[in-house]
Amino acid sequence: MLELIFLKYADYRFSKVEKELAGKSTGRRQIGKTDYQARGVLYLPPEARFSKLIELSDDQDLALAINNAMKAIEAENEDLKGVLPK
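Basically our numbering = 1-based index in the sequence shown + 749.
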């Protein structure tokens, strides 16, 4: 349960900064994870976003998807290695 609350909050903050960055984008360079991290937000790879989890069908393993999301976040955010609940 704690994982879902964490993912929802992280996704909320990520989405907010994503919209902000999209508005400031010049198109000359791609927005990357360092842009999010510079704003104090965890970079969330697509498979770790809350919106992806709620799109899962009933026959997909939600627990496995949550664990994979946590691992993906740790892989993209070195400071969190071994810290997130799984």
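By construction, these hints were calculated from the structure, which means they are not laboratory data. Just so it is clear, the structure is predicted and the values come from calculations on it, not from any experiment. Possibly wrong hints are sitting among the right ones.
What the hints assert, rightly or not - Below, a list of computed lysine to aspartate or glutamate pairs in the DMTMM-like style, where the Cα atoms sit at most 20 Å apart: (1) Lys782 x Glu767; (2) Lys830 x Glu804; (3) Lys768 x Asp810; (4) Lys768 x Asp828; (5) Lys820 x Glu796; (6) Lys757 x Glu769; (7) Lys773 x Glu825; (8) Lys773 x Asp784; (9) Lys801 x Asp828; (10) Lys765 x Asp810; (11) Lys782 x Glu804; (12) Lys830 x Glu769; (13) Lys757 x Asp810; (14) Lys830 x Asp810; (15) Lys820 x Glu769; (16) Lys830 x Glu767; (17) Lys782 x Asp810; (18) Lys768 x Glu752; (19) Lys773 x Glu823.
As the list claims (entries may be wrong) - Pairwise CB distance ranges, derived in the manner of DEER restraints: (20) Thr775 x Pro834: 36 to 44 Å; (21) Asp810 x Lys773: 21 to 29 Å; (22) Lys830 x Ala787: 30 to 38 Å; (23) Glu752 x Arg778: 14 to 22 Å; (24) Ser774 x Asp828: 35 to 43 Å; (25) Asp807 x Gly781: 12 to 20 Å; (26) Asp808 x Ser774: 22 to 30 Å; (27) Asp807 x Leu829: 14 to 22 Å.
We put the beta carbon where it would ideally sit given N, CA and C, even for glycine.
Okay, the hints, checked on the actual structure:
no.: 1; hint: Lys782 x Glu767; in the structure: 10 Å, holds
no.: 2; hint: Lys830 x Glu804; in the structure: 26 Å, violated
no.: 3; hint: Lys768 x Asp810; in the structure: 30 Å, violated
no.: 4; hint: Lys768 x Asp828; in the structure: 24 Å, violated
no.: 5; hint: Lys820 x Glu796; in the structure: 10 Å, holds
no.: 6; hint: Lys757 x Glu769; in the structure: 19 Å, holds
no.: 7; hint: Lys773 x Glu825; in the structure: 23 Å, violated
no.: 8; hint: Lys773 x Asp784; in the structure: 11 Å, holds
no.: 9; hint: Lys801 x Asp828; in the structure: 24 Å, violated
no.: 10; hint: Lys765 x Asp810; in the structure: 28 Å, violated
no.: 11; hint: Lys782 x Glu804; in the structure: 23 Å, violated
no.: 12; hint: Lys830 x Glu769; in the structure: 27 Å, violated
no.: 13; hint: Lys757 x Asp810; in the structure: 18 Å, holds
no.: 14; hint: Lys830 x Asp810; in the structure: 23 Å, violated
no.: 15; hint: Lys820 x Glu769; in the structure: 26 Å, violated
no.: 16; hint: Lys830 x Glu767; in the structure: 23 Å, violated
no.: 17; hint: Lys782 x Asp810; in the structure: 28 Å, violated
no.: 18; hint: Lys768 x Glu752; in the structure: 24 Å, violated
no.: 19; hint: Lys773 x Glu823; in the structure: 27 Å, violated
no.: 20; hint: Thr775 x Pro834: 36 to 44 Å; in the structure: 38 Å, holds
no.: 21; hint: Asp810 x Lys773: 21 to 29 Å; in the structure: 38 Å, violated
no.: 22; hint: Lys830 x Ala787: 30 to 38 Å; in the structure: 20 Å, violated
no.: 23; hint: Glu752 x Arg778: 14 to 22 Å; in the structure: 33 Å, violated
no.: 24; hint: Ser774 x Asp828: 35 to 43 Å; in the structure: 26 Å, violated
no.: 25; hint: Asp807 x Gly781: 12 to 20 Å; in the structure: 35 Å, violated
no.: 26; hint: Asp808 x Ser774: 22 to 30 Å; in the structure: 38 Å, violated
no.: 27; hint: Asp807 x Leu829: 14 to 22 Å; in the structure: 30 Å, violated
The structure is inconsistent with the numbered hints 2, 3, 4, 7, 9, 10, 11, 12, 14, 15, 16, 17, 18, 19, 21, 22, 23, 24, 25, 26, 27, although it conforms to all the rest.
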